[in-house]
Amino acid sequence: MFVTERQNEIRKQLLEHKRITVSSLSKLLHVTEVTIRKDLEQLEQEGFLVRQFGGAVLKESPAALPKQTALQLSCPVPRSQEKLKISALCTQYIQNEDIIFLGGDDFGCFIADELKKSRQLSHVIVITNCLYITVCLSSVPFVTLFSLGGQLYNVNGIHAYYGTASDHFLDTLYINKAFVGVDAVSFEQGLMISINEITNLYTHLKKQSDEVIFLFESSRFNKRSLYHLADLCEAQTIITTSNIPNGFKKHCFDSGIKLFTAFENDLDQPIIQEE
Amino acid sequence: MDLKTHSSIFFRNMSFSFTDQTIFTDFNLEILPGEVHYLLGQNAAGKSTLVRILSGLLPFQNGTITIGDTVYHPGALIPAKKHRIHTIRQNVGLFDNMTVFDNIYVYCMDARSQKSIRSLAMKFLDEFQVSFELDTFVSALSLAEKQLVEMMIAYIIMPDILIWDDGGFDIHGIHMHQFNLFLNKLKQEKITLLYFSHQISEIVSLADRITIICGKDRYLTLDQSDLNTKDIASYMYGTNIRKLAYPRFPGHSVPCEDLLTVTDLTTRNHTLSGISFTLHAGEILGIAGAAGSGRTQLTQALIGVNPLKRGTIYSHSSGSLIFNPAQAANEHIGYISDEPQKNIFPAMVPTSNITISDLNAVSDLSFVNGQKELKIGNHYLALLNISEADKPLHKFSFGEQQKIILARLLFSNTRIIVADEPTKILDSYSKVDIYNLFNSYVSKRNALLLCSSDFSELAGMCDRVLILQDGKISAELCKPQLSEYAIAMSVYQEKLKFSETSTI
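Respectively, the protein sequence lines represent chains F and L. Numbering of the first sequence is given in the numbering used here, commencing with residue 1 and proceeding in unit increments. Numbering of the second sequence is given in the numbering used here, commencing with residue 1 and proceeding in unit increments.
These are calculated hints, taken from the structure and not from any lab test. These figures come from a predicted structure and were not determined experimentally. Where a beta carbon is used, it is the ideal one built from N, C-alpha and C, also for glycine. Incorrect hints may have been included.
Said to hold, decoys possible - One-sided excerpt, in silico: chain F residues whose CB lies under 8 Å from chain L:
#: 1; residue: Gly47
#: 2; residue: Val50
#: 3; residue: Arg51
#: 4; residue: Thr91
#: 5; residue: Gln95
#: 6; residue: Thr172
#: 7; residue: Ile175
#: 8; residue: Asn243
#: 9; residue: Leu259
#: 10; residue: Phe263
#: 11; residue: Asn265
#: 12; residue: Pro270
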């Protein structure tokens, strides 16, 4: 069980019983008392509860319940430097008044994180099927948010809606930039993905979008994955990192695929530490 | 001379392909004896392949080429010589460390005696009013004069078929009257001239017929009387034969601050007059123009190399004017040329080549600190994905050299890069790298001035394009109207004045 999940459970218990002991929580959640104390400390800082000897009580006044706490999720995917670079580049690709789609994959979550910080945008419409992205962007003033419904799946730790209901809703929308992360790419097999639900979603996405932007780490080039998503010639735009092999760069340039690459280091002058 | 056979060249169903790329399929063309035939095609349309096939450097796979009545089997230089084919390949054929006469002698020695070569050469110098001597070293000559030497060699050889490949370089350095004289001479001797070029120049109007090559089996031959800019431009650029993908980020709609303002710029040598424009932060501004319109002159003026007669170049960052290269460097204006080998220190390793732009930053007192240099150098090499960096720079590819020059400019905090055909001699994968570097460069509120003769590059990468015409700005094209075709139309419409005869 992750920290967030555990803390949410503690919140739930507290809201139900108003008071709770450390030992009962420890038994309930199968973690040591030390861990529970840490969690309670954190929740106290948030203003959710007041710690007492041996346990905690819910802070009485309803005003003390900050609205955001209910709508807070930490990013469900581990941070990866390369994916972050690619996502930062994607965020630069988003313009004002764009209607974008962010999928329930690692890249989608990172793009949402980056988008939240953007200072250049004044209005963007975001369509997503991912629970984390919905929560993440719900408080961003310049984002108009549409969330697809349907059956909630937990795919590699990311909660997202898939299935006919979300497909139907998607069919009623118009999108100009759809960001789709893929798991593997090769010249022969094209773009591949390890989750079958996404292939289905993509067929609808393809119809509704002006431009589908495929994202992958350069290490995923010439690898294999379970399901075929699209042929390479279907792609219009690809964003990856600059250490992708030269053969791939040449292929993209000559066959009309816009290839954007994120760079390993920053363009700015490095800071030299004096020793 | 009077034994000349006046033979025509026939290409019949010729095909040619490299292992991974088909260049021609079923290429059919007849070149009439004694005509001046202009072969026009975009970069990578297959011009230079055709030149190499004709001059005997490449064998083709299928079909036949006949010259007169005999079948031509290229793939070796001997048959080319037998058919009296001579090729002028711009900037390739001359030995820099030899005199003009030695260069001529190398090419002509099997046909004539030294004495007759010398007398013919003297005759050429006289006829064409050339200012240099036969004993001058070629390295001391300007580009235009080198072209005259190449013409001189062709003049002395007097081949039946002359192939001229301008290799992507402008020939405007030669005075038009000299070129005219040369053409007349060719016509007199009934020599067939095949002129290959990637752009429309004045020479188009001197040609008898023009063939536009668009690669594979697409080509169009026009007579001089049928010519009009619209047809040429639409055939060359309108129908996208090869859709190339230029990775350019959509520009910010928010107006950005001015970085550089040029007002009424007029150079002392009168190649430019009354140029005014403003360069904003975060934009890529393109400069397009036909050969001789002053593109290169403009880039040189901006970095202070080309002395000004009138007008100002105002840098907004410090509020000062730029008159010379030192001031341009102080204002963080950097320059990239088309040939990276001109700008590097070939014997030095890449890291030293990068840090050379700001030695103060890597020095302790007045000594260069090798460790600092290495640290900074490696930072940029990692950025550019260059490995095995411990060999001298001349051993790297042009693409890598060009990237290292870019890194050098980044290291010295350059805010404005003036690039004169930066990707002209690069492979497509190096282009992708350079374009992506440009993208992230301008996204940091810097600006790029991109001069290019590749219209698709300008249309793909620029936010705005200025059209130069005889040293003046004749038009400005902005994003929605910006296309390869639009640029070609504005560049060539005025230039050739075809519009008078055609029905546009």
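### Query
Are there hints from earlier that the structure breaks, and if so, what are their numbers?
1, 2, 3, 4, 6, 7
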